[in-house]
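Got chain A; can you put chain B on it based on the hints?
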Amino acid sequence: MNLDSKTIYKIADLARIHIEEEDVEQLIPEMNKILSFMEKLNELDTTNVEPLVYMNDATNVWREDEIKQEISTTDGLKNAAKHNERFFMVPKIIEK
Amino acid sequence: MKKYSSLKGIQALISQKQLTLPDLLAYYFKQIKENEHLNAFNEVFFYSAEVQAKAVQQKIEEGNAGKLAGMVIGIKDNICYKDHIVTASSKMLDGFVSPYSATVVQRLLQEDAVIIGRLNCDEFAMGGSNETSYFGTVKNAVNPDLVPGGSSGGSAVAVQADMCLAALGTDTGGSVRQPAAFCGQIGLKPTYGRISRYGVIAYASSFDQVGPITSSVEDAALLLEVLAGADENDSTVSPLDVPAYSANLNQLEPKRIAVLKETMESEALDPEIKSAILESIESLKAQGHVIDYVSFDLLDYLVPAYYILTTAEASSNLSRYDGVHYGHRNAEAKSLTELYKLSRAEGFGEEVKRRILLGTFVLSAGYYDAYYQKAQQVRRLIREKLDVLFQDYDLILLPVAPTPPFKIGDNMQDPLVMYMADIFTVLPSLSGNPAIALPIGNNKANLPLSIQFIAKHFEEAQLLAFSQAFLSL
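As they're listed, the protein sequences go chains A and B.
Quick note on numbering: the first sequence equals residues 1 to 96 in this note's numbering.
Quick note on numbering: the second sequence equals residues 1 to 473 in this note's numbering.
By construction, these hints were calculated from the structure, which means they are not laboratory data.
Using N, Cα and C, we set each Cβ at its ideal position, and we do this for glycine too.
It is possible that part of the hints are untrue.
Unchecked claim - Partial pick of chain B residues on the chain A-facing surface, computed with a CB cut under 7 Å:
hint	residue
1	Pro99
2	Gly193
3	Ile308
4	Ala333
5	Ser335
6	Leu357
7	Thr360
What the hints assert, rightly or not - Chain B is nowhere near these chain A residues, computed Cβ spacing over 10 Å in every case:
hint	residue
8	Asn2
9	Asp4
10	Ser5
11	Lys6
12	Glu21
13	Glu22
14	Glu50
15	Asp65
16	Ile67
17	Gln69
18	Asn84
19	Glu85
20	Arg86
Stated by the list, open to error - Result set (EDC-like, lysine to aspartate or glutamate): computed pairs, CA atoms no more than 16 Å apart in a straight line:
hint	chain 1	residue 1	chain 2	residue 2
21	B	Lys82	A	Asp75
22	B	Lys456	A	Asp57
23	B	Lys8	B	Glu111
24	A	Lys40	B	Asp297
25	A	Lys33	A	Asp4
26	A	Lys68	B	Glu232
27	A	Lys78	B	Glu253
28	A	Lys6	A	Glu25
29	A	Lys78	B	Asp83
30	B	Lys444	B	Glu272
31	A	Lys82	B	Asp322
32	A	Lys92	B	Glu338
33	A	Lys92	B	Glu332
34	B	Lys334	A	Glu95
35	A	Lys40	B	Asp300
Isolated chain A (complex conformation) (with noise of 0.2 Å):
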C-alpha cells in the first residue's frame, strides 16, 4: 500500500481523531508497512468464499420489547465530564 499524507488526514477526519504534522510523518511509513504485510491475504484465491461474519450458529434471539429502568439518569450522567441535571452538554452547535 501506498498511503499518502492526504489520505492519512483523510482517515484520521473519519476517525475523529486529530493529527499533528509530525504523527503524519511516522504515520505514513508506518501504516504502509502494516498494510502491505496484511495485503498477503491476496496470495489466496477466496473466489466465491461466502465471508465469514458471525461466529455463532444461533438465529435471531427474540425477547419482549420491555422498558427497564435499571440506570437512572443521574447515575447516567455522572461520568460525563459535562452535563446539566437532565442532559449532557457539548459545545455551541448553532452559530447566530
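Using the frame of chain A, we list chain B on its own:
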C-alpha cells in the same frame, strides 16, 4: 502462609476452622503490598472485598455458601463492577465509575467469590506485553526486567505472585493464554459465545472472550462452570447447557492429537520451547495418546487476517468514546467535531490510535472489499480447515508464544514485530474454538515455558479433563 493452588484446599482449611476468609484476604492484601513494584493492580478494592469476605465467612458458618466461597479473585480492568472504577488502562476512562456490573461479575458474586481488585492490562486490551497501559508496564514476577505478556498481564502476575487465587482476563487474540504462558500459569480461552460479554469493555466483538487464569485446572473448570451459559443481556452467548466441568475432570480416554507441523517448524519458534514441546509429545505417546503431524498451510495468513478484522472492529467499538457521554474531554474545543477529535487524540494512547486508524482505513470506501471482506473470507477458510482436522482429531497441539517472556522495551519499536508474536494464539481466536495454555516447566534461564491445546467448539469439558491428566503426567 504458603501459596494456595486450588480452591478445594482453601475450602478444606476453612471448614476445619484452620483459616477464615477475612484472614485469607488479609494475607492476599499483604502479598499485594509486598509485590507493589510489579504494578499488577490498578486498584485494590479494600473496602468492598472486606465486606464481601465477612459476609461469605458468615454464610460458610451457616452452611449456605456458594460454589466459589473461599475464592479471592482479581478482575482485569476492562470488566465492569457496579460502583467501582473501570479504566481499560486508558487515560480515556481514568476515573470512570461503572453504573452496572458485568454478567461475569454478577455470577462470581452470586457464588460468593471475593473480588479483590482490578488488574492492569494493555490499553483497551491492545498489546501483547502490558506495555501500552496508561498506568505503566506490569513486570513479570520471575524477573522484573521482563514483560508478563499481555494484554491480561496484571491478571497473570497477580496469580503468579500469589496476590489472589485466580483472575479473570479477556482473550481477543491470545490475551489470556500468552500472559498465562509467560507467567507459568494456566490460561483458558473458552469457545466464542460460551461466556457473556455484557459489561466487558469491547475491543473486537467477534473475538473477545472472558477467560480464567489459575494455577490449577480444577479452578479453571469451576470458574468456567460458574461463568458460562446463556445471558439475556448478550444474545451472542450460546443457549447450550453448561456441563459440570469440575466434576468430570477425571474421565479420560486416549485422544487423537494433531500437531500442526508448520508451527513446530516455524523459524520464529525458540529452540528450548520446541524441545520442551517435543518432550511433552513423547510423554503423551507413552500415555497411549495417538499423535500425528499434520499440515496447516494457512499459518502465514493468520496474523494479517487477525489484524485486519480486529482493527476494523476496534475502530467501530471505540467510536463510542466521544468526550461527551463519559471519558476524557478536551476543555478548549469550540465546536462539536473539534471536541470529538481533540478528546480522542488526548485520551487514547499511541497503539490504540494506530489500530483505530488502520481499522478505519480497511473499512473505508474503496478498500473495504480488498481488506476487510477479504479477511472475512480468509477467516472462513481458516475455520473450515480446522473443522476438517477436527473430523479426525480430538485436539490440536501447538506452541502458545514463539519465545519465552522478553525484555521490557524490546518489542516496542516496531508494531509488526509485536503483532507477529501472536501467530500461534490467534488461530483459535479466528476460528472461535476453545484453547488452553498449560505450563511445561522452565528453560535454562528459569523462565516459564508453555504448550497450547485447541478443542472442538464447546468441547471445554474434554479439553479440561485432558489438561488435568496432562499436568499430572
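Hint-by-hint comparison with the structure:
no., hint, result
1, Pro99, "4 Å, holds"
2, Gly193, "5 Å, holds"
3, Ile308, "5 Å, holds"
4, Ala333, "6 Å, holds"
5, Ser335, "6 Å, holds"
6, Leu357, "5 Å, holds"
7, Thr360, "4 Å, holds"
8, Asn2, "12 Å, holds"
9, Asp4, "13 Å, holds"
10, Ser5, "13 Å, holds"
11, Lys6, "13 Å, holds"
12, Glu21, "13 Å, holds"
13, Glu22, "13 Å, holds"
14, Glu50, "6 Å, violated"
15, Asp65, "13 Å, holds"
16, Ile67, "15 Å, holds"
17, Gln69, "12 Å, holds"
18, Asn84, "13 Å, holds"
19, Glu85, "16 Å, holds"
20, Arg86, "14 Å, holds"
21, B:Lys82 - A:Asp75, "11 Å, holds"
22, B:Lys456 - A:Asp57, "14 Å, holds"
23, B:Lys8 - B:Glu111, "15 Å, holds"
24, A:Lys40 - B:Asp297, "14 Å, holds"
25, A:Lys33 - A:Asp4, "13 Å, holds"
26, A:Lys68 - B:Glu232, "13 Å, holds"
27, A:Lys78 - B:Glu253, "55 Å, violated"
28, A:Lys6 - A:Glu25, "12 Å, holds"
29, A:Lys78 - B:Asp83, "11 Å, holds"
30, B:Lys444 - B:Glu272, "8 Å, holds"
31, A:Lys82 - B:Asp322, "12 Å, holds"
32, A:Lys92 - B:Glu338, "12 Å, holds"
33, A:Lys92 - B:Glu332, "12 Å, holds"
34, B:Lys334 - A:Glu95, "11 Å, holds"
35, A:Lys40 - B:Asp300, "8 Å, holds"
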